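Student: Numbering-wise (the UniProt record's numbering), the sequence shown opens with residue 1 and increments by one.
For the record, the hints were derived by calculation from the structure and aren't laboratory data. As the structure is a prediction and not an experimental result, all values here were calculated from the model. The beta carbon of each residue, even a glycine, is placed where N, CA and C say it ideally should be. Please note: incorrect hints may appear among the correct ones.
Unchecked claim - Computed Cβ-Cβ distance ranges for the label pairs, DEER-style: (1) Thr324 to Leu73: 17 to 23 Å; (2) Ile316 to Leu79: 46 to 52 Å; (3) Gly232 to Ala179: 17 to 23 Å; (4) Ser76 to Asp261: 42 to 48 Å; (5) Cys146 to Lys182: 42 to 48 Å; (6) Thr264 to Gly64: 34 to 40 Å.
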Amino acid sequence: MPTAQKEGSVVNSNSDAAIIRVTSYHRKDFEASVITAESGRHNDVRSSIFQNLGATQGLGTGMGQLQRLPLELAWSICLYLDIQSALRFSQVNRSARQCIASIPQYRRLGKHALECIWALSRTGLASRIDVLSLHATLTTERCVVCGLFGGFIFLPTCARCCVQCIASAPSLRVVPLRALSKASGVPIGRLKRSREVFNSIPGKYSSNFTQQRRLRCFVSGQYALEVLRKRGDQDAQIILDALPDSPVWRFMTSATLPYADLTTDDPDVGRACKGCQVAMEAHFCEANFLRRERLYSRRGFLEHFQHCQEAQAMWIASEGGTVTVEEPEFTKYGGGTVT
């Protein structure tokens with residue numbers, strides 16, 4: 001949303017892009033704290049997953065019973081597929097692939113949610129999350145817990161969230177399978193047969209980038225509570241709260257997911273404010289720390305800029321974005337050094 005020009009304002013609608021360039025930055029450390037694929041891993045398939053192969057008429061041949069249906073009805077059926085089934089169906093033949101790629105929701109997922117789809121597949125959750133749910137999350141801007149901008153997804157429940165809520169929100173916790181088995185008395189072998197169980201991916205996680213090499217099995221806190229209640233535990237919530245919890249485990253089951261605006265189809269990964277880092281370095285307190293940790297959409301950042309004196313000072317010093325200004329080391333490296 002363009003910033004309205006008004007008396008006393010330090011910006012106008014023509015300077016929005018420059019304001020964002022000068023006074024905001026990308027939190028690379030946030031992205032590195034969750035499930036992350038190796039750089040360039042998906043370059044070979046980025047232009048093909050759920051994307052058009054060329055012009056086509058109808059559904060073509062080789063689609064079985066689906067090719068007898070009207071195109072709109074076939075689309076509706078495909079939208080209710082889970083991610084794993086959708087990937088498999090798109091690989092059956094050219095007609096199936098073209099059918100999938102002709103659906104706008106699929107194309108949007110292939111364009112903006114490729115890293116998330118990879119994470120769902122690697123963790124074993126792709127068979128649990130359907131296309132409509134993932135698309136709804138992709139096109140949702142705000143964290144389901146706090147209501148602020150969320151550039152991430154909690155994979156077990158397909159919930160849009162922010163880094164702070166991943167780390168601490170009760171609704172975004174996970175439980176190790178062994179801990180649930182011990183607390184509920186259900187044999188671990190029986191629990192493993194549930195579709196609710198998923199695996200971790202080795203890597204570095206959380207704000208400390210803790211190395212996790214061992215494969216772990218988890219369930220969501222929500223499912224753990226269901227298991228405890230089915231066993232007849234009257235104090236199921238109390239038992240769940242007493243089970244071990246770790247921010248590292250939460251980050252091991254979360255991934256990046258940009259917000260895709262339905263109007264423009266532009267992806268937005270969020271941006272942090274350099275001015276808020278300046279404020280925190282000048283006076284460290286909890287309020288300034290929380291300011292520094294917040295991400296904004298493009299529109300949200302321009303609104304924040306109108307009230308951030310430190311960011312406005314940087315903008316004025318840049319003489320409209322024409323002069324390089326000093327900025328904190330923290331913001332230069334996208335939130336500190338990622339190892």
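Student: Broken hints, numbered, in rising order?
Tutor: 1, 4 and 5
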